[in-house]
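Asker: Sequence:
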Amino acid sequence: MGGRNLYYYQPIYRKPPETTRGKSEIKVTGEGRISIQPDTAQVLIGVESEHTELRTAQSENAQKISDITKVLKAIGILAENIQTDNFTIFPMYDFVDGKQVFRGYRVDHMLQVTVLDIDKVGLVVDTAVEHGANRVSNISFQILNSSNLYQRALTIAVEDALQKAKTIANAFNLTLIPTPKSVVEERRFLETPIPLQKTQMVLSASTEIQPGKEDIEAVVTAVFSTTTM
1 MGGRNLYYYQ PIYRKPPETT RGKSEIKVTG EGRISIQPDT AQVLIGVESE
51 HTELRTAQSE NAQKISDITK VLKAIGILAE NIQTDNFTIF PMYDFVDGKQ
101 VFRGYRVDHM LQVTVLDIDK VGLVVDTAVE HGANRVSNIS FQILNSSNLY
151 QRALTIAVED ALQKAKTIAN AFNLTLIPTP KSVVEERRFL ETPIPLQKTQ
201 MVLSASTEIQ PGKEDIEAVV TAVFSTTTM
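Using UniProt numbering, the letters of the sequence shown correspond one by one to residues 1 to 229.
Be aware that one or more of the hints could be misleading.
What the hints assert, rightly or not - Here are the simulated DSS-like pairs of lysine-lysine, each with C-alpha atoms no more than 25 Å apart in a straight line:
{"#": "1", "residue 1": "Lys-181", "residue 2": "Lys-27"}
{"#": "2", "residue 1": "Lys-166", "residue 2": "Lys-27"}
{"#": "3", "residue 1": "Lys-120", "residue 2": "Lys-73"}
{"#": "4", "residue 1": "Lys-164", "residue 2": "Lys-23"}
{"#": "5", "residue 1": "Lys-99", "residue 2": "Lys-120"}
{"#": "6", "residue 1": "Lys-23", "residue 2": "Lys-120"}
What the hints assert, rightly or not - Ranges between beta-carbon positions, derived for each pair:
{"#": "7", "residue 1": "Lys-70", "residue 2": "Thr-29", "range": "24 to 32 Å"}
{"#": "8", "residue 1": "Thr-29", "residue 2": "Glu-208", "range": "38 to 46 Å"}
{"#": "9", "residue 1": "Glu-186", "residue 2": "Ser-59", "range": "52 to 60 Å"}
{"#": "10", "residue 1": "Asp-119", "residue 2": "Thr-228", "range": "57 to 65 Å"}
{"#": "11", "residue 1": "Phe-90", "residue 2": "Glu-159", "range": "21 to 29 Å"}
{"#": "12", "residue 1": "Lys-213", "residue 2": "Ile-177", "range": "31 to 39 Å"}
{"#": "13", "residue 1": "Asp-215", "residue 2": "Ala-62", "range": "17 to 25 Å"}
{"#": "14", "residue 1": "Lys-181", "residue 2": "Glu-208", "range": "47 to 55 Å"}
{"#": "15", "residue 1": "Arg-103", "residue 2": "Lys-213", "range": "24 to 32 Å"}
Think of the hints as simulated: they come from the structure by calculation, not from any bench.
For each residue, glycine too, the CB sits at the ideal point set by N, CA and C.
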């Protein structure tokens with residue numbers, strides 16, 4: 001008789017999967033918001049001068065800018081908060097009978113003025129205009145210490161996430177572990193100037209400019225563990 005080939009197989013042991021019976025997770029989004037009125041303003045104030053002679057146009061423009069700078073300092077604006085934003089010189093032409101005819105030169109000098117006392121914005125504009133400014137534009141508002149305010153909004157967002165998780169856990173008769181497994185910051189407030197369109201401008205004996213409020217927001221996503229009661 002021919003021999004037989006006998007084969008033996010060792011059974012493979014497979015570890016049973018771990019169970020998470022009695023445990024679950026709750027994922028929530030928390031929001032924090034702080035509304036505050038801006039405390040800093042920036043405004044572009046300038047002088048536009050025209051003359052047939054370039055030197056005269058430059059001289060007149062420089063004198064008015066000097067006068068404006070002096071009076072702004074006199075009402076409390078610091079020198080470092082008065083900076084040149086733009087300075088241009090260009091020739092002007094008229095078209096007569098289809099021909100280009102030289103008319104003179106235009107000199108534009110724009111100052112960016114930062115006002116740390118929001119109540120002085122109207123005074124700054126009026127004072128500058130009274131002393132020769134003939135261009136005022138781009139009034140915008142900012143929040144000086146926005147970082148600290150954002151931290152407060154972030155704290156509110158985390159507390160909001162915890163409160164939502166508690167509400168959900170209670171609804172399903174679960175015990176919430178209050179320390180989250182993870183917290184992810186979803187959105188961060190980015191400071192951007194608030195344009196004049198979000199303000200009220202009242203023209204009267206003096207210019208009154210009132211900024212609207214700005215929201216500083218923080219959003220987090222948090223994951224909490226729960227157990228059955």
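Asker: All hints, please: hold or fail.
Answerer: These are the hints, each one checked on the structure:
no. : hint                            : result
1   : Lys-181 <-> Lys-27              : 10 Å, holds
2   : Lys-166 <-> Lys-27              : 11 Å, holds
3   : Lys-120 <-> Lys-73              : 12 Å, holds
4   : Lys-164 <-> Lys-23              : 18 Å, holds
5   : Lys-99 <-> Lys-120              : 49 Å, violated
6   : Lys-23 <-> Lys-120              : 60 Å, violated
7   : Lys-70 <-> Thr-29: 24 to 32 Å   : 54 Å, violated
8   : Thr-29 <-> Glu-208: 38 to 46 Å  : 41 Å, holds
9   : Glu-186 <-> Ser-59: 52 to 60 Å  : 57 Å, holds
10  : Asp-119 <-> Thr-228: 57 to 65 Å : 59 Å, holds
11  : Phe-90 <-> Glu-159: 21 to 29 Å  : 57 Å, violated
12  : Lys-213 <-> Ile-177: 31 to 39 Å : 38 Å, holds
13  : Asp-215 <-> Ala-62: 17 to 25 Å  : 43 Å, violated
14  : Lys-181 <-> Glu-208: 47 to 55 Å : 52 Å, holds
15  : Arg-103 <-> Lys-213: 24 to 32 Å : 47 Å, violated
Comparing the model with each earlier hint shows violations of hints 5, 6, 7, 11, 13, 15; every other hint is respected.
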